[in-house]
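Chains as they are written, first to last, in my numbering: chain U, 15 to 167; chain L, 15 to 167.
These aren't lab readings, by the way, just hints derived from the structure by calculation.
The model shown is predicted, which means the values in this text are computed figures rather than measured ones.
Just to be clear, a hint being listed does not mean it is correct.
Since copy identity is lost for identical chains, a pair holds within one copy or between any two.
Unchecked claim - SDA-like, lysine to any residue: derived pairs with alpha carbons at most 25 Å apart: (1) K137 / R160; (2) K24 / D46; (3) K137 / L115; (4) K137 / C117; (5) K32 / F91; (6) K23 / V113; (7) K137 / S96.
2 protein chains.
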Amino acid sequence: METRIDRIKKQLHAASYKLTPQREATVRILLDHEEDHLSAEDVYLLVKDIAPEIGLATVYRTLELLTELKIVDKINFGDGVSRYDLRQEGAAHFHHHLVCLECGAVDEIQEDLLGDVEGVVEKRWNFQIKDHRLTFHGICWRCNDRSSQDPPQ
Amino acid sequence: METRIDRIKKQLHAASYKLTPQREATVRILLDHEEDHLSAEDVYLLVKDIAPEIGLATVYRTLELLTELKIVDKINFGDGVSRYDLRQEGAAHFHHHLVCLECGAVDEIQEDLLGDVEGVVEKRWNFQIKDHRLTFHGICWRCNDRSSQDPPQ
DNA sequence: TCTTACTTTATAATCATTATCAATTGATAA
DNA sequence: TTATCAATTGATAATGATTATAAAGTAAGA
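Required output: the full structure, derived from the provided sequences and hints.
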């Protein structure tokens, strides 16, 4: 069976890049933390556990490379840090995010909710859409539940 | 007639802040460049023309303050800079953006296209939406027109 | 083995933003 | 007006993320 890493290796080769040990270690960390939204620093600290000799600059370069190849997406939630998010295999568009203003959690919506909206934008604004970023800011289900359980004061 | 500046002055006073000359100069620049998406540095350079003694830190502080009061929105298009965008008066939500990958232009969609989508998200993910960010990346109408006029090679 | 291009590491440099602190200003009461 | 006190400002230092640089390492082909 072909693993996810194998397929990423092929994508690199197709663009004439090698899957060096450092790059592989970085990709493994991303795969192991698919749910999270890691900053370059986060990735660096995690990669150091499995490849202690790696340098921070290499992590940055690798993440940049993976972004170029659309294997990961680089996002920015407004704190001063870029975060890196593995794209679903075969996904044409970037998934959406729910950022909780109370607890800071970031949840993902894999489903594409923008089909209709994109149709409108393409037609009405004569804009040829290549990708999108959609983030909702608000109160997540966890915090919602918690506050509805609170006794009224 | 009450001007836009007057109303902003009231908003500041309501939160017990003053409209100092520096703040006023900064707001004027934002009003004069409503269509643009200025970085703090951009604003600083423009403000210096009408208030030469102003400091960069004051501009940052003012933009931060205006963001807190929801008079402007702070956005980030992925280059390393925050940009500041006047909110439409009375708008509950932030407007959408079209970023052209070819010429870099940033156009605005004032209309709220997310009504239905937000309904779905609130119900299905039990997420209480406070605000949103929606940006499309693609080719703008100007570049579309230009390339359709190009002779096929 | 030799060559060449690619990659990495460590570190310095850059750039946006934030913190600090003394000086200034504005509003208010005496 | 003057005294007072908190808010605000400007200059500058500090921070923190990211990028550039240069020397050394690595892999693959001739």
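Status of the hints after comparison with the structure:
| no. | hint | in the structure |
| --- | --- | --- |
| 1 | K137 / R160 | between (43 Å within a copy, 17 Å between copies) |
| 2 | K24 / D46 | within (20 Å within a copy, 51 Å between copies) |
| 3 | K137 / L115 | between (34 Å within a copy, 18 Å between copies) |
| 4 | K137 / C117 | between (39 Å within a copy, 20 Å between copies) |
| 5 | K32 / F91 | neither (31 Å within a copy, 30 Å between copies) |
| 6 | K23 / V113 | neither (32 Å within a copy, 31 Å between copies) |
| 7 | K137 / S96 | neither (32 Å within a copy, 30 Å between copies) |
Checked against the numbered hints above, the structure violates hints 5, 6 and 7; every other hint is satisfied.
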